[in-house]
Amino acid sequence: MLIDKNQAHDICKRALSFAKEGQAEVIMTQTDSPLTRIANNAIHQNVETSDIGISLRVDLDGRSGRATTNQFDDESLKELARRSVNAARAITGRQELPPMMGPQKYREIPAFDQSSAFMEPEQRAEMVLKAVKIARQEKVELAGLVNNTLYATAMANSHGLFAYHNMSTLRMEITARSGITAGRFARTARKAGEIDPEQIAAIAIKKCLGGLNAKALEPGDYTVILEPEAVTTPLMYLSYLSFGALAVQENLSCLSGKLGQKLMGGNITISDDAYHPLMVWTGPFDSEGMPKKKVILIDKGVVKGPVYDLKTAAKDKTETTGHGLPQPNTWGPIPGNPVLEGGNVSLEDMIKSTKRGVLVTRFWYNRVVDRKIPVITGMTRDGTFLIEDGKISHGVKNMRYNQDLVEFFNNVEALGVPESQENMVVPPLKVNNFHFTGLTEA
Amino acid sequence: MKDLAQHALNVAEVAGATYADIRIINEDSERVEVKDGQVGSINRGTSGGFGIRVIVNGAWGFASSPKIDKAEIERVARLAVKVAKASALLKVRDLELAPVEKYIDKYVTPHKKNPLEVPLEEKIALLLKTDAAMRQVKGVNITESQIASWVEDQLFASTIGSVIEQRIIQCGGQFSATAIKDGDVQQRSYPSGLDGHYESNGYEMIEGLDYAGNAGKTAEEAVALLSAEQCPAGEKDIIIEGSHLSLQIHESVGHPLELDRVFGSEANYAGTSFATTDQLDKLKYGSDIVSITSDPTCPMGLGSFGYDDEGVKAHKTDLIRNGLLVNYLSSRETAHKIGKLSTGAMRADGWGNMPIVRMTCINLEPGTKPLEQIISETDDGIYMATTKSFSIDDRRSNFQFGTEIAWEIKKGRLGQMFKNATYTGITPQFWNACDAVAGPKDWKVWGTNGCGKGEPGQTARTAQGCAPSRFRKIKVGVVPGKK
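Chains as they are written, first to last, in numbering that gives the first Met the number 0: chain P, 0 to 441; chain E, 0 to 482.
The hints are simulated quantities; they were obtained by calculation from the structure and are not laboratory data. Since this is a predicted model, take the numbers as computed values, not measurements. Wrong hints could be hidden among the right ones.
[Said to hold, decoys possible] Derived DSSO-like pairs (lysine-lysine); straight-line CA-CA distance at most 27 Å:
id: 1; chain 1: E; residue 1: 368; chain 2: E; residue 2: 315
id: 2; chain 1: P; residue 1: 371; chain 2: E; residue 2: 84
id: 3; chain 1: E; residue 1: 180; chain 2: P; residue 2: 314
id: 4; chain 1: P; residue 1: 371; chain 2: E; residue 2: 180
id: 5; chain 1: P; residue 1: 371; chain 2: E; residue 2: 418
id: 6; chain 1: E; residue 1: 84; chain 2: P; residue 2: 129
[Said to hold, decoys possible] To give an idea of the interface, some chain P residues facing chain E are shown, with a C-beta separation under 10 Å as derived from the structure:
id: 7; residue: 46
id: 8; residue: 54
id: 9; residue: 79
id: 10; residue: 181
id: 11; residue: 183
id: 12; residue: 364
id: 13; residue: 437
Beta carbons are placed, not taken as given, at the ideal position from N, Cα and C, and that holds for glycine.
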């Protein structure tokens with residue numbers, strides 16, 4: 000059952016009413032996320048889960064305490080307030096705290112659909128049955144999931160601010176397996192009818208069968224063509240590591256000292272845009288209750304600036320862009336909805352134009368090797384192919400990469416049509432001189 | 000609560016369940032952070048609820064709720080049955096479980112001081128003192144420290160008659176200093192990297208870490224790294240310090256031996272394993288001196304408990320004996336498939352998730368020589384300490400790790416400091432290259448907070464016990480383009 004705007008308002012109001020000292024702010028979330036999981040062509044986990052979270056911040060004379068609970072009866076909310084106040088009182092010395100703001104105006108983002116918010120387990124089973132039927136015909140085994148999520152969040156404070164947003168999604172992921180070879184495809188949509196289980200399974204199975212008898216490729220520098228799910232990795236890491244104002248202020252970001260300078264290729268424009276029409280996982284306000292703005296981070300390769308919260312904006316004498324996390328925090332703001340502007344080169348044309356290169360479905364176990372440059376490492380997974388003379392030649396064994404992300408965004412040769420990847424919008428890319436440094440046996 | 004639990008099981012059985020269990024949980028938590036001389040954040044959390052797991056028509060169903068009352072328990076029990084019936088629409092065969100004994104028991108983590116009863120003021124004072132000591136070192140730019148604690152009260156009941164109450168008490172933390180100069184960022188952390196070191200233990204473990212006493216040296220090393228040489232590349236003998244070796248064990252032994260992923264359950268997410276069941280009792284996973292156990296009875300281990308989340312009593316199990324693969328981390332369902340009993344490794348993230356196979360305390364059994372002797376017997380090598388980066392492929396074979404700091408070993412002595420140390424390898428080749436494990440004096444059980452697995456995503460707190468160990472001819476310095 001969805002906690003609607005009125006119910007959320009009531010919960011927030013009651014939580015605030017028990018915080019009788021100082022200033023208070025409450026964030027409420029509801030997450031209902033039933034999930035049907037398959038492996039070896041059978042459902043092996045199937046869960047109906049639901050939880051709410053109520054997080055209360057109390058500021059007393061420049062000291063801030065926070066407590067959270069998942070119970071919203073009066074006694075629990077009273078205890079929540081007591082714990083928040085006690086936490087604030089325990090603090091020695093003052094903290095640099097951002098202010099709590101008054102009422103704000105928000106742009107509405109229609110992001111809720113009954114068809115994805117409320118599904119029966121039998122409906123999810125029916126979807127995986129359709130996928131497995133094809134897999135049995137093709138003699139491969141499927142793993143994957145169908146997950147419908149209902150999410151609602153509300154925020155209020157003792158200065159009269161109130162914000163509410165709800166959304167829903169349906170996601171289906173399929174990994175087709177034959178021996179040690181795998182192929183994958185995934186889709187997320189707002190409306191259940193926009194997910195086609197048979198199409199998702201067919202693409203995953205085609206990748207799997209196309210990758211059988213994979214050959215080892217010598218590590219080295221290659222031209223890569225990255226499908227959109229693979230592009231989310233460099234964009235997400237660059238966004239989280241480098242595009243927040245605190246990282247820039249602390250001299251930990253590749254943007255530090257580079258404002259207005261050309262850092263990346265002239266074909267690279269990156270923004271954070273919660274309102275992009277293709278954005279599936281989104282909302283119109285941040286965890287300080289401030290409206291999210293569209294922020295151009297990189298414009299045709301030139302650094303335009305980071306995203307801000309109230310605290311970092313005050314330090315740079317500018318305005319928040321609405322990208323704050325619950326305050327106070329040690330992380331600073333982060334872009335939650337990165338968008339890489341695309342082009343019009345199709346994936347097929349990228350392949351046709353490639354003499355020798357590697358097609359990558361996605362990356363896996365990506366981690367930071369160098370915080371500031373930044374350099375990340377990880378592995379290819381679930382569909383990696385050699386391209387020779389403009390055609391997919393054969394599957395290749397999965398490879399390890401180590402890649403400087405600024406170098407990466409300077410080596411983009413072609414961009415395709417952007418598509419939705421949950422909280423991101425990205426195109427497929429053709430990128431030169433991508434560093435593969437090792438390989439594995441699968 | 001016991002009455003409610005029993006009622007849930009009755010409702011599930013009446014609705015058609017051939018097996019059911021329920022976990023009713025309340026977890027209290029606290030995290031205190033200090034950054035750059037100020038309290039960064041304090042969060043005191045509580046989360047309560049219950050999860051019911053059932054078998055109907057030979058298939059699993061699970062449902063959970065944060066609202067603990069009779070009517071909700073009845074609704075959720077019936078919902079779990081409905082979910083299981085949907086699961087049964089797509090099954091290969093009926094579920095079978097390895098047997099488990101019926102237990103009526105209570106377990107509490109051995110401890111002296113409940114960390115949540117230690118005043119916040121005391122924790123804040125310790126962190127601020129640590130922070131101040133780090134900031135006294137010239138050249139340090141960012142200082143961070145934290146202490147985190149959890150107390151979980153759990154009631155487990157199942158239709159085989161078990162009723163188990165557990166109180167799991169855990170805490171730990173970390174501090175770090177970061178130095179930045181000319182585009183170079185170097186960090187040193189204590190007592191371990193990533194999010195720190197944790198134990199199933201009372202607050203006395205925090206007191207034993209001596210935060211303030213180690214702050215100055217840690218900060219000095221961060222600054223010294225800025226002018227240290229880049230770690231050389233090539234094939235080297237490496238000695239890995241305990242806190243980092245703990246993560247190597249976690250990633251390249253613990254995860255590949257989770258029997259659910261061996262059987263493909265994680266193929267869509269966490270991945271599978273190179274250590275397939277046809278290699279049981281055959282695969283030479285490591286050298287003869289490599290013996291690794293699962294031991295949830297290990298004192299202070301973050302993965303220790305009295306019973307796992309399907310009522311299997313904690314016990315020690317050999318996984319790798321003298322280098323040979325002899326068992327897996329298993330559940331009742333997965334153990335049955337290889338004709339064994341469960342190793343007691345089913346664990347769930349809180350009340351809202353279905354248990355999956357997780358690490359307990361995965362321990363590399365100690366060798367005999369002290370660390371000093373292993374170093375003295377190394378002619379040309381590198382000593383690497385404290386995790387900085389970690390990555391491994393989806394079959395847990397190809398890995399690359401980086402450490403915060405390293406030192407050259409020349410003719411049996413530690414020499415100059417290196418920065419940006421990395422090494423890479425293939426799991427069984429790596430463990431077969433192990434030729435020395437330090438003895439009990441250097442052995443410690445390290446805790447890993449926040450191991451991710453499963454869909455929906457679950458995090459677990461696990462442990463790995465080990466002593467510093469030496470590995471011969473490992474590929475070091477693998478990152479191109481590093482300055």
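Here's how the hints hold up against the structure:
Taken as a hint, the residue 368(E) and residue 315(E) pair is honoured in the structure, with Cα atoms around 24 Å apart against an allowance of 27 Å. Our distance criterion of 27 Å between C-alpha atoms is broken by residue 371(P) and residue 84(E), whose separation comes to about 51 Å. Taken as a hint, the residue 180(E) and residue 314(P) pair is honoured in the structure, with Cα atoms around 22 Å apart against an allowance of 27 Å. The straight-line distance between the Cα atoms of residue 371(P) and residue 180(E) is roughly 11 Å, inside the 27 Å bound, and the hint therefore holds.
Note on residue 371(P) and residue 418(E): the hinted pairing holds, with a Cα-Cα distance of about 15 Å set against a maximum of 27 Å. About 17 Å separates the Cα atoms of residue 84(E) and residue 129(P), which keeps this hinted pair within 27 Å; it holds. Using the Cβ-Cβ criterion of 10 Å, the hint placing residue 46(P) at the interface with chain E is satisfied: the shortest such distance is roughly 4 Å. For residue 54(P), the interface hint holds, since its Cβ comes within 10 Å of a Cβ in chain E; the closest pair sits about 8 Å apart.
Satisfaction of the interface hint for residue 79(P) is found here, the shortest Cβ-Cβ separation to chain E being roughly 8 Å, below the 10 Å cut-off. Interface hint at residue 181(P): satisfied, since its Cβ lies 7 Å from the closest Cβ of chain E, which is below the 10 Å cut-off. A cut of 10 Å between beta carbons decides the hint on residue 183(P): the least distance to chain E is about 8 Å, and the hint holds. The beta carbon of residue 364(P) is positioned within 10 Å of a beta carbon in chain E (closest approach about 5 Å), and the interface hint is therefore held.
A least Cβ separation of about 6 Å between residue 437(P) and chain E falls short of the 10 Å threshold, and the interface hint therefore holds.
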